[in-house]
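Produce the complete structure using the sequences and hints provided.
2 protein chains.
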Amino acid sequence: MKAKAAVFLGAGKPFEIQEFPLPRVEPEGILVKVRMSTICGSDLHTWQGKREAPLPIILGHEIVGEIQEIGEGADRDVLGNPLAKGDRITWTIMASCGKCYYCQMKQLPQKCLYLFKYGHESCQNPPYLNGGLAEYIYIRPGTGIFKIPEELSDEEVTPINCALATVVNGLETIGIELGDNVVVQGAGMLGINAVAMLRERGAEKIIALDIDQQRLKFAEEFGADEVINVNQTNPTETLSLVKDLTGGYGADVVIEVSGSPGVISQGIEMLRVGGRYLLIGTVFPKANFMLDGYVVTTKTITIKGIHNYQVRHLGEGLDFVIRTHNKHPFNRLITHRFNLQEVDQAFALSASGQAFRVGIVP
Amino acid sequence: MKAKAAVFLGAGKPFEIQEFPLPRVEPEGILVKVRMSTICGSDLHTWQGKREAPLPIILGHEIVGEIQEIGEGADRDVLGNPLAKGDRITWTIMASCGKCYYCQMKQLPQKCLYLFKYGHESCQNPPYLNGGLAEYIYIRPGTGIFKIPEELSDEEVTPINCALATVVNGLETIGIELGDNVVVQGAGMLGINAVAMLRERGAEKIIALDIDQQRLKFAEEFGADEVINVNQTNPTETLSLVKDLTGGYGADVVIEVSGSPGVISQGIEMLRVGGRYLLIGTVFPKANFMLDGYVVTTKTITIKGIHNYQVRHLGEGLDFVIRTHNKHPFNRLITHRFNLQEVDQAFALSASGQAFRVGIVP
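Heads up: the sequence lines are chains A and B, in that order.
Following the numbering used here, the numbering of the first sequence begins with 239 at its first residue and continues without gaps.
Following the numbering used here, the numbering of the second sequence begins with 239 at its first residue and continues without gaps.
None of these hints come from the bench; they were simulated from the model.
Errors might be hidden in some of the hints.
No copy labels: a pair is met if it fits in one copy or bridges any two.
[To be verified] Simulated pairs of lysine to aspartate or glutamate, DMTMM-like, Cα-Cα distance not exceeding 25 Å:
no., residue 1, residue 2
1, K524, E507
2, K271, E459
3, K344, D530
4, K537, E507
5, K537, E410
6, K565, D313
7, K565, E264
8, K337, E415
9, K337, D582
10, K385, E373
11, K355, E290
12, K337, E290
13, K344, D463
14, K344, E410
15, K240, E257
16, K288, E580
17, K537, E359
18, K344, E507
19, K242, E410
20, K524, E475
21, K344, E580
22, K443, E464
23, K537, D392
Only a predicted model underlies this, so the values are computations on that prediction, with no experimental measurement involved.
Written out as structure tokens, the structure reads:
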């Protein structure tokens, strides 16, 4: 048996549909039939040549699929639910070794020395099927797996294992106190999830910033109290608006999920004394920004960067969507759908900024 | 009765000895006879014109003195010890209102909206005597006061209420885990205190960096395991040395106490994945530095700036000196002594880098 995949061969080149043999399922491994993948910002960065990737590669790491074959010992998910052929599952974007310095000594399995990341590894060697833009994907030992309840649609679940779980990690890392005023810089998939989750974590005022009116509309639907189109206000006005909305003090927390390093110093300015800045979006090289050390010290600022997440963050993210999917229109965030043959078109649309999230259904 | 003070009139101008009337002591206030002040890095910055100060001003905030007159209700220190005329005391560099947004809502009395900072306020209005370069200083309500035990010398105590207490706050803020490998960038008063305190807090390897051999010698005497003269090694070598000394991973914590924003990006490079960077020294405007957002996210870096400290930090710092002054030569850090008339000379020597800490004995 073979599986078709859309293989990325480098920026500016069209995807190539190739066939790969289905791998032998080893103990603790699972073969999954992909139901849907969504194109994440970092997929786009790779496609645009802003990030390097080992070529040839099957991109796509926001994925939902159903179990095709279960390896020995992989018959339960993280919560202890039994797994069987046909079950829908979501899984961590990465597999960790569980044994190294970062896994065992520093509580950072997401930065495991031998980290394997779906959609980020070449497809040159077995088991080949490492990414979501394919009919099948092979899930390795060391991956956190969660069974998906029937009440959730594929559209609601697909972006959970990247965008949503990353936000869970981010909010845990920066810490949200009851009544915090929070600015979210960027209302893409990460930003919208952040807005929804901040509301549930007890934030007082949630202020979303973006340059796109459709995104800001989503932000409002997901719970933002105020939205500011930063294309229609100059930086001084934006800063003064944020100050006005936060009692004159500035925000307790600012979250960068825009992927634009240019917004960082302005975000720091928006903070109150003692404020916390969470950096998530700058996941491409040379995302340089300038800060004034005088501001960082005298305002006693905290800045935290995060990358990836831990198994529990995905579990908590899934629970969050189960709790709130009747309140929030997660479904509607997947604005377009393509099949494997249309991947070039899908990336072009995604890069144009005219879609919110683009889904690939193999 | 009058008190002499050395008044600062602006960068490049000599100090002027002026006389001020002794103030009436209000409830909760204390009049103190200054025994010794030491010249802090930020005094130097003001003297050099790198920082603005409200003129005319009596500089000096690292001070030890003895009680001259006690206001109603100021008869006990923070720990409940009775206070009497002639007792030696140390006190927080600042007085907080205890009532405002930062004092009450955000646990930041050190950033009180109505903060009063000794040695940082003009001497134009009563009670005039706000700084340490004077025969007397007036201590206001809202200041944390600690009685000094006889076993400590003036030299051991004077720098506690700025350099040492700031380090206590810094290490608490950034968090030191058992076995952390720590790099200290700068072996001035803050750096030396950090080295000594890191040892006591259970750090594994303490690596001190400076451009001055005498300072590095002090760092070794106070407990540094390794010292690197960054004038004698290039940045690549320094980085590789730090990596070698930390199992190839990089430091868990890097502490900036050099006052040079230029060292910050190199300090970030020295961190392991998940490392924490503590920024203390950049307390003058336009201390600009550049960072790569890709590094901050993918290495999941934490950066924290601090400024000032809380009452408990001074109390903990005093206890630390009481516990360790027989082990560490705190006395010897005050390398030179001048009287009030020699303040110009004292600042010039201090700025030359040829003294470690300069004391003024009125």
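Do the hints match the structure? See the list:
1. In this homomeric assembly, K524 and E507 come within 25 Å of each other (Cα to Cα) both inside a single copy, at 22 Å, and across copies, at 14 Å.
2. Taking the shortest Cα distances, K271 and E459 never come within 25 Å of each other, neither inside one copy (33 Å) nor across copies (64 Å).
3. Taking CA atoms no more than 25 Å apart as the test, K344 paired with D530 passes between copies only; the shortest distance there is 23 Å, against 30 Å inside one copy.
4. When the C-alpha separation of K537 and E507 is checked against a cutoff of 25 Å, the pair qualifies both within a copy, at 10 Å, and between copies, at 24 Å.
5. Taking the shortest alpha-carbon separations for K537 and E410, both the intra-copy value of 22 Å and the inter-copy value of 17 Å come in at or below 25 Å.
6. Taking the closest pair of Cα atoms, K565 and D313 never come within 25 Å of each other, the shortest separation being 33 Å inside a single copy and 60 Å across copies.
7. In this assembly of identical chains, the alpha carbons of K565 and E264 never lie at most 25 Å apart, being 40 Å within a copy and 60 Å across copies at closest.
8. Taking the shortest alpha-carbon separations for K337 and E415, only the inter-copy value of 21 Å comes in at or below 25 Å, while the best intra-copy value is 34 Å.
9. Taking the shortest alpha-carbon separations for K337 and D582, neither the intra-copy value of 39 Å nor the inter-copy value of 61 Å comes in at or below 25 Å.
10. Proximity of K385 and E373 under a CA criterion of 25 Å is satisfied intra-copy only: 19 Å inside one chain copy versus 75 Å between copies.
11. For a Cα distance limit of 25 Å, the shortest separation of K355 from E290 inside one copy, 14 Å, qualifies, whereas the shortest one across copies, 51 Å, does not.
12. When the C-alpha separation of K337 and E290 is checked against a cutoff of 25 Å, the pair qualifies neither within a copy, at 27 Å, nor between copies, at 53 Å.
13. Only between protomers do K344 and D463 lie at most 25 Å apart by alpha-carbon distance; the minimum there is 23 Å, versus 38 Å within a single protomer.
14. For a Cα distance limit of 25 Å, the shortest separation of K344 from E410 qualifies both inside one copy, at 17 Å, and across copies, at 19 Å.
15. Taking the shortest Cα distances, K240 and E257 sit within 25 Å of each other inside one copy (6 Å), while across copies they are farther apart (94 Å).
16. In this homomeric assembly, K288 and E580 come within 25 Å of each other (Cα to Cα) only inside a single copy, at 22 Å, whereas the closest approach across copies is 60 Å.
17. Proximity of K537 and E359 under a CA criterion of 25 Å is satisfied inter-copy only: 19 Å between copies versus 42 Å inside one chain copy.
18. Taking the shortest Cα distances, K344 and E507 sit within 25 Å of each other only across copies (18 Å), while inside one copy they are farther apart (32 Å).
19. Taking the shortest alpha-carbon separations for K242 and E410, neither the intra-copy value of 38 Å nor the inter-copy value of 55 Å comes in at or below 25 Å.
20. Proximity of K524 to E475 under the C-alpha cut-off of 25 Å is restricted to the inter-copy arrangement: shortest distance 23 Å between copies versus 28 Å within a copy.
21. For the identical chains of this complex, K344 and E580 are neighbours neither inside a copy (43 Å) nor across copies (53 Å), given an alpha-carbon limit of 25 Å.
22. For the identical chains of this complex, K443 and E464 are intra-copy neighbours only, at 8 Å inside a copy versus 48 Å across copies, given an alpha-carbon limit of 25 Å.
23. Taking CA atoms no more than 25 Å apart as the test, K537 paired with D392 passes in neither setting, with 44 Å inside one copy and 32 Å between copies.
Violated hints for the displayed structure, listed by number in ascending order: 2, 6, 7, 9, 12, 19, 21 and 23.
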